[in-house]
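Asks: Letter by letter, the chains look like this.
Protein chains: 2
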Amino acid sequence: MQTLTKTIKAMTITDFGNTNVFKESEISKPDPKGKEILVKVHATSANPVDCKIRKGMFGEMFKLPAILGFDVSGVIEAVGEKTSDFKIGDEVYYMPRINGTPGAYAEYHLIEESIVSKKPKNISHTDAAGFPLACGTAWDALIDRTKIKIGETILIHAGAGGVGSYAIQLAKLCGAYVYTTCSSKNFDLVKKLGADKIIDYKKEDFVETIMKDTNNKGVDVIFDTVGGETLAKSIDAAKPFARIASIVRDSRDLPMASLYMKNISLHFVFVQSNRYKLDTMRDLIEREQLKPVIDSVLPLSEAAVAHQKLEKGGVRGKIILNLTPQMD
Amino acid sequence: MQTLTKTIKAMTITDFGNTNVFKESEISKPDPKGKEILVKVHATSANPVDCKIRKGMFGEMFKLPAILGFDVSGVIEAVGEKTSDFKIGDEVYYMPRINGTPGAYAEYHLIEESIVSKKPKNISHTDAAGFPLACGTAWDALIDRTKIKIGETILIHAGAGGVGSYAIQLAKLCGAYVYTTCSSKNFDLVKKLGADKIIDYKKEDFVETIMKDTNNKGVDVIFDTVGGETLAKSIDAAKPFARIASIVRDSRDLPMASLYMKNISLHFVFVQSNRYKLDTMRDLIEREQLKPVIDSVLPLSEAAVAHQKLEKGGVRGKIILNLTPQMD
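Line by line, the protein sequences are chains A and H.
First residue of the first sequence? That's -8 in this note's numbering, and the numbers climb one at a time after it.
First residue of the second sequence? That's -8 in this note's numbering, and the numbers climb one at a time after it.
Since the hints were made in silico from the structure, they are not lab data.
One should not assume that every hint holds.
Which copy is meant is left open, so a pair is good if it fits within one copy or across any two.
To be verified - Derived SDA-like pairs: lysine to any residue, alpha-carbon spacing no greater than 20 Å straight-line:
#1 K208 to F261
#2 K224 to M247
#3 K43 to N254
#4 K253 to R136
#5 K43 to M252
#6 K253 to F49
#7 K253 to V40
#8 K138 to N254
#9 K46 to S249
#10 K31 to K112
#11 K230 to F261
#12 K253 to R243
#13 K138 to P231
#14 K54 to M252
#15 K43 to K253
#16 K138 to K253
As the structure is a computational prediction, the values presented were derived from the model and not from experiment.
Based on the provided sequences and hints, a complete structural model is requested.
Replies: As C-alpha cells, this is what we get:
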C-alpha cells in the first residue's frame, strides 16, 4: 500500500530580519501521537514576541526555517491515542509554547492537550484568537504575579495596545483604580474598557499627573509593557512596597537605589501556557465580563503587513490573522 | 527656678568618610513628649548600613553631625504624656528608623512607642541588641517578601554573617532546605544554625554545586546579601519563577534577559521598623527556636573598631556595642 504524504500551507520565516523574511511554504501535515491533538487553525494573531523572534532575539530557541504564531482558535481534526480531555470536532483555544517548537502561522497545529482549553462559545474564532497570549500575559502579570486587589491603584502603560487593553479590563474586574497612558486618539477605547484616569503620554508627564492625583503617594502596582526609560521613570510613580510587572525582555539602566529605598518588588513576566488560566478566562468571556479588543483582521498571507503594523505602533487591541474568513 | 540642661554621651560622626570620623560628644538629653519614650541604651550594634551612612551613601537623609546605630536593647527611663503601651522600667528592644533621625550610639535614645517591643526575657541586652535590624532584615526578605515555605529550597549568601546567620534559622523554621555560602572556617557555625548544604565560595562554584544537587532545577528562593556579580551570577542557580530578595542598595548590570526568560521576581529589601515583627521574633526567641549569633562585644567607645571589623569581612554573626558592661 502506498502512503500519501499530506502537505499543508504554512507561513515560515527563512531568515532572521525584516518583514521580507516571510515565505508561504508547504510543510508535512503533522500526525498526533500520544497525548497530542491536531487542530485546524481558524485564527491566530500577531504579537510583539513574533516580531522579536523574527528579528532573531530568541535565536537561542528558534532555528530556521521557523513558524511563528502563538495564539490558536480552531477545531480538533485528529487526536493521539492517549488523549482523554477532547474529541474530534471540539472547538478549542490556546497558546502554543514559546520554546522553539512550531507556532500557528499554518493551516494545522500540533499541540499537547494539557495546555488546551475549550473555546468560549459566545465569540468567533477571530475574537477568541486574540486572548491566549495577550490576555494571558496580562493575567500572569496582574493575577498571578503582582496579585492586584480591590482598592488598589495601578498604572498600565499603553492601555490601548494588545496586552494593555486586556490589562485594563482585568484590573477593573479585580476592583482596582486604573491609570493608563495612551495617545489621545485612543481615549474613547480605554475609557470604554474602564480606565479611570487617562494620561496622554505625548502631552503629560505621567509621574507628575499620578503623584498629584494620589497626594504624592504613588500607585500600588505598575504594569510595564514598554520597558527602557518608561520603566525606569515609572519607579518615581510607585508607592513604597509597590509591585512592578514588566513584560519587556531587555530593560537596562534601572535606578537600583530607588528600587531599594522604596522596597519595590519587580516581577519579570514571560507569558506561560496554562489551561487553568484559559478556563477561567473563558468563564469571564462567556459572562461578558471580559471583551475582545480587535484592531484589525488580516489573512495569514499578510503576516508581513501585520508585523509592520505592530512595529509602527499605535495599534488598538489585537491584530488577528484569519485562515478561514468564510467561516468566522 | 533654674533649669539644668542635662547632657549625655554619644558617639557622633562629624564628617562622612573613614572610621576616623567618630567623635565622643556630649549632647542634650532628649525629653520624651506625646507618644515618645526615652530609653537608656544598654546595648546597640554595628550594621553594614552604619558603615554606608558613615561613608555618605545615604547623604540625602543624614545631615552632620549624625548619630549612627539602628539597634537598641535597653530600659525605659521616661515616657511622654500620651504613651499607653509601656511604663518606666520596662525592658525593650527595637530598630530606630533609618530616616535621618538620631541613631542609638548614645547613652539614651528617644523613640515613638509604636515601633518598640518588649525585650525577650530569656536573653541579655547584649544578645537582644543583635536582633532588630539584622534578624528584621532576614524577616522582611524571607517571611514578608519572598514568603518562603515548607519544602522549598533557598540559597543564602554569606550565611555566617550578621544577617545570613538569622536567615538560615528563619528558613529552617519555615521548613526550607538551605544552601549557604561561607568560608571553611565558618562551616561549624552555619551547620549548627541548620544549613543543609554548605558551599565554600572560595573553592567551589556555587551555581555548579546547586545545579548538580538539584538535578539542574535550581532553587526556589535566593537571599542576596552581597550584590553585584554575586547577585548576577545567582540567577543561573534560580528555578523558573524563583523569588530573589536583595538587601544591597546598588547592584548593577543584572542579566535582564535571564530574569525575564525565567520569570524571576526580584524583591528589593530595605529593612523597616515594625513592632509586630519584633513581637513574633520575641516569641521565637523565648521558645528557644531562634538563637543569638554574636561575633564580638565591644564598648561604644570602640565603634570605629567595630566598623573596621565589618568592613574587613569574615564576621561571624553580630558585632554588639555594649554601653553597660557591668550589667549585661
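Asks: Decide, hint by hint, whether the structure agrees.
Replies: Structure-based check of each hint:
1. K208 to F261: Answer is between; shortest inter-copy Cα gap is 18 Å, intra-copy 29 Å.
2. K224 to M247: Both, since 12 Å and 17 Å are each at most 20 Å.
3. K43 to N254: between (32 Å within a copy, 18 Å between copies)
4. K253 to R136: both (19 Å within a copy, 13 Å between copies)
5. K43 to M252: between (34 Å within a copy, 14 Å between copies)
6. K253 to F49: between (33 Å within a copy, 14 Å between copies)
7. K253 to V40: between (31 Å within a copy, 16 Å between copies)
8. K138 to N254: Answer is both: 17 Å inside a copy and 15 Å across each meet the 20 Å cutoff.
9. K46 to S249: This pair counts as between: shortest inter-copy Cα distance 19 Å, intra-copy 33 Å.
10. K31 to K112: Result: close within a single copy only, 17 Å intra versus 71 Å inter.
11. K230 to F261: For K230 and F261, only the inter-copy Cα distance (14 Å) is at most 20 Å; the intra-copy one is 24 Å.
12. K253 to R243: Classified as both: same-chain Cα gap 19 Å, cross-chain 17 Å, threshold 20 Å.
13. K138 to P231: For K138 and P231, both the intra-copy (16 Å) and inter-copy (18 Å) Cα distances are at most 20 Å.
14. K54 to M252: between (43 Å within a copy, 18 Å between copies)
15. K43 to K253: between (32 Å within a copy, 17 Å between copies)
16. K138 to K253: both (19 Å within a copy, 19 Å between copies)
Checked against the numbered hints listed earlier, the structure breaks none of them; every hint is satisfied.
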